Amino acid sequence: MKDTRRTRAITGLMLATALVLMTVDHRTGENSPLGPLKGIGAAVFGGVEELGAGVARPAGRFVDALLDAPGAQRREEELRRENDRLRQSLVAQNLDHRRSDELRRLLNAAGTGGYKIVPAQVIARRGVPGFEEAVELDAGHSDGVRPEMTVLSGAGLVGRVIRVGPSTSTVVLVSDLASATGARLEGSGEIGIVNGTGDHGRLLQFRLLDSTAPLEAGQRIVSFGSHRGAPYVAGVPIGVIERVEATPGELTRTAYARPYADLTALDVVGVVAEPPSRDPRDALLPPRPSKTSGPSKTSGPPKTSGPSKTPAAPKRSQSPGREGV
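Counting in this note's numbering, the sequence shown runs from 13 upward without gaps.
It is worth saying that the hints were derived from the structure and are not from the lab. Note that the structure is predicted; figures quoted are calculated from it, not measured. Mixed in with the good hints, there may be bad ones.
[Unchecked claim] Restraint ranges, calculated between C-beta atoms of paired labels, are given here:
| # | residue 1 | residue 2 | range |
| --- | --- | --- | --- |
| 1 | Arg-255 | Gly-194 | 18 to 24 angstroms |
| 2 | Arg-300 | His-153 | 38 to 44 angstroms |
| 3 | Asp-211 | Pro-141 | 44 to 50 angstroms |
| 4 | Pro-159 | Gly-123 | 21 to 27 angstroms |
| 5 | Arg-110 | Thr-224 | 41 to 47 angstroms |
| 6 | Asn-95 | Ala-295 | 43 to 49 angstroms |
| 7 | Glu-160 | Ala-295 | 19 to 25 angstroms |
| 8 | Ser-112 | Arg-240 | 31 to 37 angstroms |
[Stated by the list, open to error] Cut-off 25 angstroms, straight-line C-alpha distance, at most; resulting in silico cross-link-like pairs (SDA-like, lysine to any residue):
| # | residue 1 | residue 2 |
| --- | --- | --- |
| 9 | Lys-128 | Asp-279 |
| 10 | Lys-128 | Ala-285 |
| 11 | Lys-128 | Pro-82 |
| 12 | Lys-128 | Arg-110 |
| 13 | Lys-128 | Asp-108 |
| 14 | Lys-128 | His-153 |
| 15 | Lys-128 | Arg-240 |
| 16 | Lys-128 | Gly-177 |
| 17 | Lys-128 | Arg-117 |
| 18 | Lys-128 | Gly-194 |
| 19 | Lys-128 | Arg-175 |
| 20 | Lys-128 | Arg-111 |
| 21 | Lys-128 | Glu-198 |
| 22 | Lys-128 | Ala-146 |
| 23 | Lys-128 | Leu-25 |
| 24 | Lys-128 | Leu-115 |
| 25 | Lys-128 | Pro-292 |
| 26 | Lys-128 | Gly-241 |
| 27 | Lys-128 | Pro-243 |
| 28 | Lys-128 | Pro-178 |
| 29 | Lys-128 | Ala-295 |
| 30 | Lys-128 | Glu-114 |
| 31 | Lys-128 | Pro-298 |
| 32 | Lys-128 | Ala-277 |
| 33 | Lys-128 | Glu-286 |
| 34 | Lys-128 | Ile-174 |
| 35 | Lys-128 | Ser-238 |
| 36 | Lys-128 | Ser-112 |
| 37 | Lys-128 | Ala-192 |
| 38 | Lys-128 | Thr-182 |
A virtual CB, placed ideally from N, CA and C, is assigned to each residue, including glycine.
Could you put together the complete structure from these sequences and hints?
So, in structure tokens, the structure goes:
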């Protein structure tokens, strides 16, 4: 700063030298005597440039990532919300298909049995005073539901209405320990009582009143019906006998049945607002699974060679009234 004239002189000399060198290099072209100096400069400064670019490029990417982070997070949130929406839509479609199928089965059962029903949906499962296994329906007084009405699904008996509000009602399930339902065996018509066992609908207890009547696994039971159809209408499938207990010396026989209705996964049900004009008997029971047929006989003319054999006596067939006994 103190020697200003000397600094100006040196700067001017350097500029003049640079101009001379540039002029010489331009006029001589490829044969320029400054070629080696240019190569050395390019090598030195090119390496420095590459090193700088190598350092600056990752740093630039890092800065770009930081600047783009909020946008990426927003896109991720949008994708997550879209996936959730699609998942919920798929679940809703599956539920709608299942409910539609259950409603169809329910209406078919009501039509076959001659029941006038009020369709309803189970909205909660809860215990009430005196009963452990009960459900809440989304139908009440305003829908025509009254206490002591039968409740069924498309598969079988569910329970009876015990409490009714303006738009909801409470149903005690047949699986409740305090529940008792009149029932009869398919075909034979032998009468008994179905009681809940309190095991969440896995099995129901069936007590046959006649201890001498045949009772074995595979027999099916339906509701016997109450006076004027309250609380239970007749002909509703209840379940299939799974095992029979030995009760020597007792006046009744005891068995355990698997209920037709899935009492742990109830959704669409029907409240019977009007009983049928006549007992549907066994009309609502599902078809029995077809038995495996034996080996087919080979067709062709009968063999005549050899001595004839006396035909064996025919086996005694079961009585039609004792099917499955």
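Here is how each hint holds up against the structure:
1. Arg-255 - Gly-194: 18 to 24 angstroms: holds, 22 angstroms
2. Arg-300 - His-153: 38 to 44 angstroms: holds, 41 angstroms
3. Asp-211 - Pro-141: 44 to 50 angstroms: violated, 21 angstroms
4. Pro-159 - Gly-123: 21 to 27 angstroms: About 25 angstroms separates the Cβ atoms of Pro-159 and Gly-123, which means 21 to 27 angstroms holds.
5. Arg-110 - Thr-224: 41 to 47 angstroms: holds, 45 angstroms
6. Asn-95 - Ala-295: 43 to 49 angstroms: With Cβ atoms ~48 angstroms apart, the hint holds.
7. Glu-160 - Ala-295: 19 to 25 angstroms: Holds, since Glu-160 and Ala-295 (Cβ atoms, about 24 angstroms apart) stay within the stated range.
8. Ser-112 - Arg-240: 31 to 37 angstroms: holds, 33 angstroms
9. Lys-128 - Asp-279: Holds - the C-alpha atoms of Asp-279 and Lys-128 are around 19 angstroms apart, at most 25 angstroms.
10. Lys-128 - Ala-285: With a Cα-Cα distance of about 6 angstroms, the restraint between Lys-128 and Ala-285 holds, given a limit of 25 angstroms.
11. Lys-128 - Pro-82: violated, 61 angstroms
12. Lys-128 - Arg-110: holds, 23 angstroms
13. Lys-128 - Asp-108: holds, 24 angstroms
14. Lys-128 - His-153: The hint holds at about 16 angstroms.
15. Lys-128 - Arg-240: holds, 14 angstroms
16. Lys-128 - Gly-177: holds, 20 angstroms
17. Lys-128 - Arg-117: holds, 14 angstroms
18. Lys-128 - Gly-194: holds, 21 angstroms
19. Lys-128 - Arg-175: holds, 20 angstroms
20. Lys-128 - Arg-111: Distance ~20 angstroms between Lys-128 and Arg-111 Cα, so the pair holds.
21. Lys-128 - Glu-198: Holds: Lys-128 and Glu-198 sit about 23 angstroms apart, inside 25 angstroms.
22. Lys-128 - Ala-146: holds, 23 angstroms
23. Lys-128 - Leu-25: Roughly 115 angstroms between the alpha carbons, so the hint for Lys-128 and Leu-25 is violated.
24. Lys-128 - Leu-115: Satisfied, since the Cα-Cα distance of roughly 14 angstroms is no more than 25 angstroms.
25. Lys-128 - Pro-292: Within the cut-off at roughly 13 angstroms; holds.
26. Lys-128 - Gly-241: holds, 12 angstroms
27. Lys-128 - Pro-243: Holds, because 15 angstroms separates the two Cα atoms, which is no more than 25 angstroms.
28. Lys-128 - Pro-178: holds, 20 angstroms
29. Lys-128 - Ala-295: holds, 16 angstroms
30. Lys-128 - Glu-114: holds, 17 angstroms
31. Lys-128 - Pro-298: Roughly 20 angstroms separates the two Cα atoms, so the pair holds.
32. Lys-128 - Ala-277: With Cα atoms ~24 angstroms apart, Lys-128 and Ala-277 stay inside 25 angstroms; holds.
33. Lys-128 - Glu-286: Measuring from Cα to Cα gives roughly 5 angstroms; hence the hint holds.
34. Lys-128 - Ile-174: The hint holds at about 19 angstroms.
35. Lys-128 - Ser-238: Distance ~16 angstroms between Lys-128 and Ser-238 Cα, so the pair holds.
36. Lys-128 - Ser-112: Holds, at about 19 angstroms.
37. Lys-128 - Ala-192: At roughly 23 angstroms apart (the allowed maximum being 25 angstroms), Ala-192 and Lys-128 satisfy the hint.
38. Lys-128 - Thr-182: holds, 19 angstroms
The structure is inconsistent with the numbered hints 3, 11 and 23, although it conforms to all the rest.
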